[in-house]
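One-letter residues, chain by chain:
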Amino acid sequence: MAGNLWVVAENWRGKVSDVTFELLALGRELADGLGVSLEAVLLCHQEKEFTRDLGAADTVLFLDHPSLAEPTAESYGAALAQLIQERKPQGVLVPLSNVSWDWVGVLPAMLGAPYLNFCKDVRVVDGKIEACCLLYGGKMEARVASASPAILGILPGARPAANGRIQKQASVEEVKVEFEKTPEVTFKQYIEPEQGGVDITQQPVLVSVGRGIGSQDNLAIAEALAAALSGAVSGSRPVIDQGWLPLSRQVGKSGATVKPKLYLAVGISGAPEHVEGMKNSELIIAINTDPQAPIFQVAHYGIVGDAMDTLSALTEELQKASARKGA
Amino acid sequence: MNNLATELERSTCELTLENLLLTPEGQRVLTCIQCGTCAGTCPYGEVMDYPPRRIINMLRAGLLEEVYQSDSLLNCVACYACKAKCPRKIDLTGVLLPLVKEQVLLRRPEIPAELQKALENTMRYGNPMGESPRKRAAWVKSAGVPVRIFQEDPRPADVLWQVECYNSYYPRGRDASRATAKIFHALGIDFAILGNEEKCAGECGRLSWETGLSNTLMEYNMEVFGKYKFNRIVTSSPHAYDAFRYRYPVIGFNYELEHTVPFLARHVDRLKPLLKRKLNYTVTYHDSCCLGRHNSVYQEPRALLEAIPGIKLVEMTHNRVNSICCGGGGGGMWLDTYYKAQGRERLSERRVKEAVATGADVLAIACDYEVSRFEDALKVLDHDKKMVVRDITELLAEAMEV
Amino acid sequence: MHTVVLLKMVPDVVEELEVAADGRSLDTEFLRLILNERDNHALELALLLKERHGGKVTAVAFDAPEVDEVLFAALAKGADRAVKVTGAEPGLSTRTAAYSLALVLPTVDGLLPADFILAGCQAIDDLDGMMAPLLAQEMKLPYLGLVSSVTLDSADRKATVQKEYAGGVHGEFEVRLPAVLGIQAAEKPPRYVPVAKVRAAMKSQTIEVAPVPTLANGGEAAFHVLSMAKLEAAGHAEILEGTPEEIASKIAEVLVARGVL
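Residue numbers (my numbering), protein chains in the order written: chain Z, 1 to 327; chain Y, 1001 to 1402; chain P, 2001 to 2261.
A few of these clues could be false.
[What the hints assert, rightly or not] Using 25 Å as the maximum straight-line C-alpha spacing, the simulated PhoX-like pairs for lysine-lysine come out as follows: (1) P/K2197 - P/K2050; (2) Z/K320 - Y/K1379; (3) P/K2250 - Z/K259; (4) Z/K320 - Y/K1386; (5) Y/K1085 - Y/K1353; (6) Y/K1340 - P/K2250; (7) Z/K279 - P/K2250; (8) Z/K181 - P/K2140; (9) Z/K181 - P/K2158; (10) P/K2250 - Z/K320; (11) Z/K48 - Z/K88; (12) Y/K1379 - P/K2250; (13) P/K2140 - Z/K88; (14) Y/K1117 - P/K2197; (15) P/K2140 - Z/K176; (16) P/K2203 - P/K2084; (17) Z/K320 - Y/K1385; (18) Z/K279 - Z/K261; (19) Y/K1135 - P/K2230; (20) P/K2230 - Z/K120; (21) Z/K188 - P/K2188; (22) Y/K1385 - P/K2250.
[Unchecked claim] What follows is a set of in silico ranges between Cβ atoms, one per label pair, in the way DEER data are often shown: (23) P/V2209 - Z/D199: 16 to 26 Å; (24) Y/K1229 - P/T2206: 35 to 45 Å; (25) P/R2176 - Z/S148: 30 to 40 Å; (26) Y/G1343 - P/G2054: 33 to 43 Å; (27) Y/G1343 - P/L2031: 40 to 50 Å.
Calculated directly from the structure, the hints in this document are not laboratory data. The C-beta atom is built at its ideal place from N, Cα and C for all residues, glycine as well.
Work out the full structure: start from the sequences and follow the hints.
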């Protein structure tokens, strides 16, 4: 008998992550397509109330144990491996996020089960699971089928989270697993980023710079434009790695998720780790010299060409316009 | 191929500071009279802890290690001003300074990020921009005239035209390349380019201390040149010209060599009748360091400009041998952020102020590093409505349009 | 202290990527490989640890085009040994590579036990898994990923690492050594190595070779790529054209229309 479709919920620092609901929305489609039940798996420590959020699933398998207070590879990996071996789902959707990173990495080897990474979409085709995976920094997509049970690493944004928030009480089953090993990894503390300065998640306009700006010098041009637009400058990972902008300005997987009215992506290629942090911006305009840059997939408007020329021209245009208004 | 490598390594290994002093050039270094003209003429002389004069003094005192520990030499833009003015005719820029610079940069725990990227890109992709080599000849499609590429059509040509990186990949550089192609075509020059096989000539590496990079490019370029038959190399880049003229002979380069400007100047009589359109511009010409001061090419660019009907030439205060560097040499092209962090005025801005003071409409140039530097400086100083930057070839091509 | 760093060659996306005639894989005609960026950070971190605590760094990579230069560069930067793993099929899945490495590493003289095994936290061609955690599991070692800082406590055979989370939050964890870490970033950008030093390394140092032992079972592929396609670039964005001034004008119009201005 074919197994069920699982979604592993993600909860972190007292909250069920948005990505869980995206996975539930996707999971529901797949479970229905396969004609099986959708089960959500919640691993936690003393957070049973989260089961109420997972109404999109038919059943919530709920595991409460002190070892599961923080999502480490050994604890979550071991727990899920046991559960999956016992219950034999045919597919398990797992979130590709910083929080779940470690256990998602080890789980396939713990189980000896196939794993598909970078899934931007999953569908049921001829009764089987088929994933669409983004490769090479988002430049190629591959349709991939795998043997069962398959663990599928789902990129943020696969489905709208709203579709996974269902006000319904799923049936909850408490399950138990054995934790034998002494943990080799111990959680110490969370370190908050330095406060003060600009909160890019609150900005209406972001002029976001990537590797394509070429030099730290060109930041001044971006800043001038941001000022003209009453916004702020943000950046993708490479710019932060270089030390040209502080960590607080980083947009993307390890940085902030932003939803400004205008996101101007300057010299940013649009790799998935960045796009997940800004794809819900209201208006996205991208400038890149590479016409094949993945950023153009998510942008509403695109300019293929030199960023600095366009930015300077735009700053001038805006300054002229505001001078006209003032006149 | 191996012989080439050994030749190269032997020649550059020979030129260390230790055995430099055993060569005639090194002996000349020791005749320094400590007059300080080098430091006085250096565009960044007042901020250098160790201008050439002091370096030679430290060398004599056996205290070079102190110089190596200083950042001072990162400010050298390899403009040849010190060498040109030295009363003892010591080849500071070509010989002494690169050797010292190499030691400085080898000792630094890290090099400025922009420079690092440019060097890594040049090594990997043959251009500092980090663009795919397969896009190097993309500009040819929009040239408007046929441009033969040796790889596709290996028949012999009279001229191998070495376009170089900025003129292949940068939009404004491509403007100059298209203009040059039009002029060559109109003159009936039998030319071809290496296209995607072309890689940086490597002068940037040599002058910014990365001799390993330069040597690698020299080996590669000699091999590629060897595949085709041509009578001469003409290059749009004064830096490439310098590389070919002064470095490459050590591994057997002995092709006829010219920069586009003197080459076209030789054809000025055939060019003149084609310059039908009157351009009513006042033009001031910037003597680039490599072409001008280093190779004494002053008369030819002016001859070309004056051949254009309607052009009025005005000179900047510092012209010909006294020209002020745009700041792009010696790795300066990729050290602007570093200089800014030091609170330094950029040389390109200093120069542009002089250009604007002449009242000219056009700042004419002949070096591929300059267009972006001067256009940037014009923008920063808010003069970009007063004056535009044009390569000489762009002006010639404009005058050819009917 | 001994650190092993795993270096992987991945497609260089500066070159246009094309789909091969079979419709399911990358066209290799103009394909160039480059060191996985995150692995470069892992190498940098290993070198920083060596500078701080002494010990040795060994770089390990599967045989691939241009890998020799990468291994010599690692040696020139300060790695003590370089090992090239040969005999594996090209285009290995990450899963199979991890499995093979777990078999090969113990056969290399003096390589194990290592205190740290570092690899980049991910690579752009990781279709079926990520190297560091899979290898950790195969070798039964603890693992932490997305690591951006490592502090060693050699007396107690422990390390304190910081992991990156969204919003600039860092998580601090302690891990018993030996451990496998997936590196997101070193504390400094990867250092430059002069070409002359790499060439010197090519002359004076050697890359050791470690053949892959025959796998216990060839294994049927756990997954099948049915098709691969370039993302239709600009399939989504409306491309604005013209001079910078014209484009600026158009953008200003859009901004007004969308209520941004």
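Structure-based check of all given hints:
1. P/K2197 - P/K2050: holds, 19 Å
2. Z/K320 - Y/K1379: holds, 16 Å
3. P/K2250 - Z/K259: holds, 23 Å
4. Z/K320 - Y/K1386: holds, 18 Å
5. Y/K1085 - Y/K1353: holds, 24 Å
6. Y/K1340 - P/K2250: violated, 33 Å
7. Z/K279 - P/K2250: holds, 22 Å
8. Z/K181 - P/K2140: Answer holds: Z/K181 to P/K2140 is near 12 Å, not above 25 Å.
9. Z/K181 - P/K2158: holds, 17 Å
10. P/K2250 - Z/K320: holds, 14 Å
11. Z/K48 - Z/K88: holds, 24 Å
12. Y/K1379 - P/K2250: Holds. Y/K1379 to P/K2250 sits at ~22 Å (cutoff 25 Å).
13. P/K2140 - Z/K88: It holds: about 24 Å lies between the C-alpha atoms, which stays within 25 Å.
14. Y/K1117 - P/K2197: Holds - the C-alpha atoms of P/K2197 and Y/K1117 are around 17 Å apart, at most 25 Å.
15. P/K2140 - Z/K176: holds, 24 Å
16. P/K2203 - P/K2084: holds, 17 Å
17. Z/K320 - Y/K1385: holds, 15 Å
18. Z/K279 - Z/K261: The given pair, whose Cα atoms are some 12 Å apart, holds under the 25 Å limit.
19. Y/K1135 - P/K2230: holds, 19 Å
20. P/K2230 - Z/K120: With Cα atoms ~14 Å apart, P/K2230 and Z/K120 stay inside 25 Å; holds.
21. Z/K188 - P/K2188: This hinted pair holds, its Cα atoms lying about 24 Å apart.
22. Y/K1385 - P/K2250: With Cα atoms ~21 Å apart, Y/K1385 and P/K2250 stay inside 25 Å; holds.
23. P/V2209 - Z/D199: 16 to 26 Å: At roughly 53 Å between Cβ atoms, Z/D199 and P/V2209 fall outside 16 to 26 Å, so the hint is violated.
24. Y/K1229 - P/T2206: 35 to 45 Å: holds, 41 Å
25. P/R2176 - Z/S148: 30 to 40 Å: holds, 36 Å
26. Y/G1343 - P/G2054: 33 to 43 Å: Given about 39 Å between the Cβ atoms, the range holds.
27. Y/G1343 - P/L2031: 40 to 50 Å: holds, 45 Å
Checked against the numbered hints given earlier, this structure breaks hints 6 and 23; the rest are met.
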